[in-house]
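There are 2 protein chains.
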Amino acid sequence: MTMIGSGNVAWHFSKMFKSIGIEIIEVYSRNQEEAKKLSIELESKHVGRLEDISIEGDIIVLAVNDDSIEKVATAITSKSLIVHTSGTASLDKISSLRSGVIWSIQSLRKGQSTDYSKIPFLVESNNQADSIALHELVSKVSNTVFIKNSEERLKAHLAAVIANNFVNHFYSISNEILEQAHLPFSILLPIIEEETRKVHTYKPEEIQTGPASRGDQKTIESHLNLIQEKELKEIYRLISDRIKKQHNDL
Amino acid sequence: MTMIGSGNVAWHFSKMFKSIGIEIIEVYSRNQEEAKKLSIELESKHVGRLEDISIEGDIIVLAVNDDSIEKVATAITSKSLIVHTSGTASLDKISSLRSGVIWSIQSLRKGQSTDYSKIPFLVESNNQADSIALHELVSKVSNTVFIKNSEERLKAHLAAVIANNFVNHFYSISNEILEQAHLPFSILLPIIEEETRKVHTYKPEEIQTGPASRGDQKTIESHLNLIQEKELKEIYRLISDRIKKQHNDL
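If you read the sequences in order, they're chains L and C.
Once you know that position 127 of the first sequence is 127 in the working numbering, the rest is easy, because the numbers rise by one and skip nothing.
Once you know that position 35 of the second sequence is 35 in the working numbering, the rest is easy, because the numbers rise by one and skip nothing.
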């Protein structure tokens with residue numbers, strides 16, 4: 001395997017594949033310092049120029065940022081399978097004969113020890129043999145691997161942004177409101193923990209509670225009266241309406 | 001203590017106060033069957049009519065729904081401290097000489113064993129002596145008790161609705177999107193768990209990640225292109241804008 005990149009994903013994917021006995025024969029990165037460091041850690045070779053990478057590696061992993069995938073892929077003349085690692089870039093950013101994707105749903109941070117077996121992965125390729133091979137390969141690391149096309153992967157990425165980044169922003173909004181009442185965010189941790197426990201067992205729509213799901217318009221109005229910010233009022237209204245609608249449809 | 005009500009809160013508050021040695025001398029509820037059951041469980045007396053409740057109990061707890069608080073409180077002639085248990089109803093729904101509130105931030109479900117020490121409570125009263133007494137009383141059960149006025153309590157309630165009910169709806173939206181890609185919700189559980197772990201240590205705004213916080217307009221556009229539903233598009237846009245704004249302000 002050849003690793004292009006030296007950031008978070010390159011670091012983790014290298015460790016991960018090494019742990020299942022795959023040799024990282026060489027590392028290239030625009031950031032030569034980081035590439036050298038990584039190649040030493042991996043007991044691998046560091047390559048100074050992209051055009052010098054070996055064309056014999058069975059898989060070339062492009063762990064580079066989304067905007068660089070196309071350019072880097074085009075610069076590689078190898079007939080090996082070239083895979084990128086992005087959640088949003090479509091497969092056809094790589095125009096080589098054999099192309100693929102390995103996407104880790106969990107975001108990875110260099111140096112942080114991680115249990116790869118619990119991370120869900122989506123893989124795909126432009127040919128069935130490589131799709132199956134990638135699925136098999138990543139399954140040696142993770143218990144949860146799916147073959148999914150680029151649109152399905154983008155949907156999973158959107159779902160992750162909503163369930164993670166948007167949820168975090170809601171916690172942030174809650175914290176802003178609690179600060180107005182001179183209360184610490186920690187008073188919400190028990191209900192956050194309980195919610196996290198519940199979604200392990202139940203579908204989220206089945207456990208929806210709160211004023212909107214029970215049609216408690218009086219509480220909704222008193223909340224809206226508390227919110228001064230126009231945008232937040234609108235967010236509150238839209239989400240409450242969506243919950244109400246979902247609940248009426250049940 | 002006298003308990004008015006026989007629902008989830010009445011059940012738990014009775015158990016909770018009994019566990020710290022407080023005698024529930026009588027139980028009244030509109031739902032006579034449930035009140036009888038609860039009074040048997042508590043080895044307490046069941047009172048059939050509201051006007052027959054003893055006026056000697058030191059605290060009368062109105063664990064009734066928000067719309068009934070005012071009516072029930074008015075029907076009680078006792079000079080005891082009368083407290084309601086609502087997160088949203090203001091203190092002045094009780095017009096008696098001594099009034100108060102004990103609100104459990106965690107929602108309680110009858111029959112479910114609960115560790116009350118971990119539940120945060122907000123208390124208040126129309127007089128300082130009772131505020132302090134309520135704080136002292138509930139502190140025998142819970143490690144986290146704050147004296148807060150009605151507006152502060154409503155803010156905490158709003159924060160809880162956002163961090164719990166709205167977050168659950170986001171999980172529900174994520175699940176809808178994953179279903180379109182024939183993927184199970186369980187692939188999001190690791191990132192949900194990680195987020196829950198993180199907010200125990202960091203302020204939510206400090207750990208904001210995702211396309212909006214890094215100003216990745218390309219990913220935002222590709223997500224928006226995926227979303228067909230007008231309302232959801234608007235929710236996505238408003239929240240991304242708010243994250244962007246928050247991040248530019250940092």
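Derived from the structure by calculation, the hints contain no laboratory data.
A hint or two may mislead.
A pair counts as met if it fits within one copy or between any two copies, since identical chains are not told apart.
[As the list claims (entries may be wrong)] Distance condition first, Cα-Cα at most 30 Å in a straight line; then the derived DSBU-like pairs of lysine-lysine:
1. K198 with K15
2. K79 with K230
3. K244 with K45
4. K244 with K233
5. K218 with K140
6. K245 with K45
7. K140 with K230
8. K230 with K15
9. K244 with K230
10. K230 with K18
11. K45 with K230
12. K140 with K79
13. K218 with K110
14. K18 with K71
15. K45 with K233
16. K37 with K245
17. K140 with K244
18. K233 with K110
19. K245 with K79
20. K218 with K18
This structure is a prediction, so every number in the text was calculated from the model and none was measured.
Hint-by-hint comparison with the structure:
1. K198 with K15: Between copies only: 24 Å across chains, 33 Å inside a chain, cut-off 30 Å.
2. K79 with K230: Classified as neither; 55 Å inside a copy, 44 Å across copies.
3. K244 with K45: neither (59 Å within a copy, 41 Å between copies)
4. K244 with K233: So K244 and K233 pass the 30 Å test inside a copy (16 Å) and across (18 Å) alike.
5. K218 with K140: So K218 and K140 fail the 30 Å test inside a copy (54 Å) and across (33 Å) alike.
6. K245 with K45: neither (58 Å within a copy, 44 Å between copies)
7. K140 with K230: Neither: 50 Å inside a copy, 41 Å across copies.
8. K230 with K15: neither (47 Å within a copy, 43 Å between copies)
9. K244 with K230: both (21 Å within a copy, 16 Å between copies)
10. K230 with K18: neither (52 Å within a copy, 46 Å between copies)
11. K45 with K230: So K45 and K230 fail the 30 Å test inside a copy (56 Å) and across (52 Å) alike.
12. K140 with K79: For K140 and K79, the Cα distance is within 30 Å only inside one copy (24 Å; across copies 71 Å).
13. K218 with K110: between (49 Å within a copy, 25 Å between copies)
14. K18 with K71: within (27 Å within a copy, 70 Å between copies)
15. K45 with K233: neither (56 Å within a copy, 47 Å between copies)
16. K37 with K245: neither (54 Å within a copy, 37 Å between copies)
17. K140 with K244: neither (44 Å within a copy, 39 Å between copies)
18. K233 with K110: Neither, since 39 Å and 33 Å both go past 30 Å.
19. K245 with K79: neither (53 Å within a copy, 45 Å between copies)
20. K218 with K18: So K218 and K18 fail the 30 Å test inside a copy (59 Å) and across (33 Å) alike.
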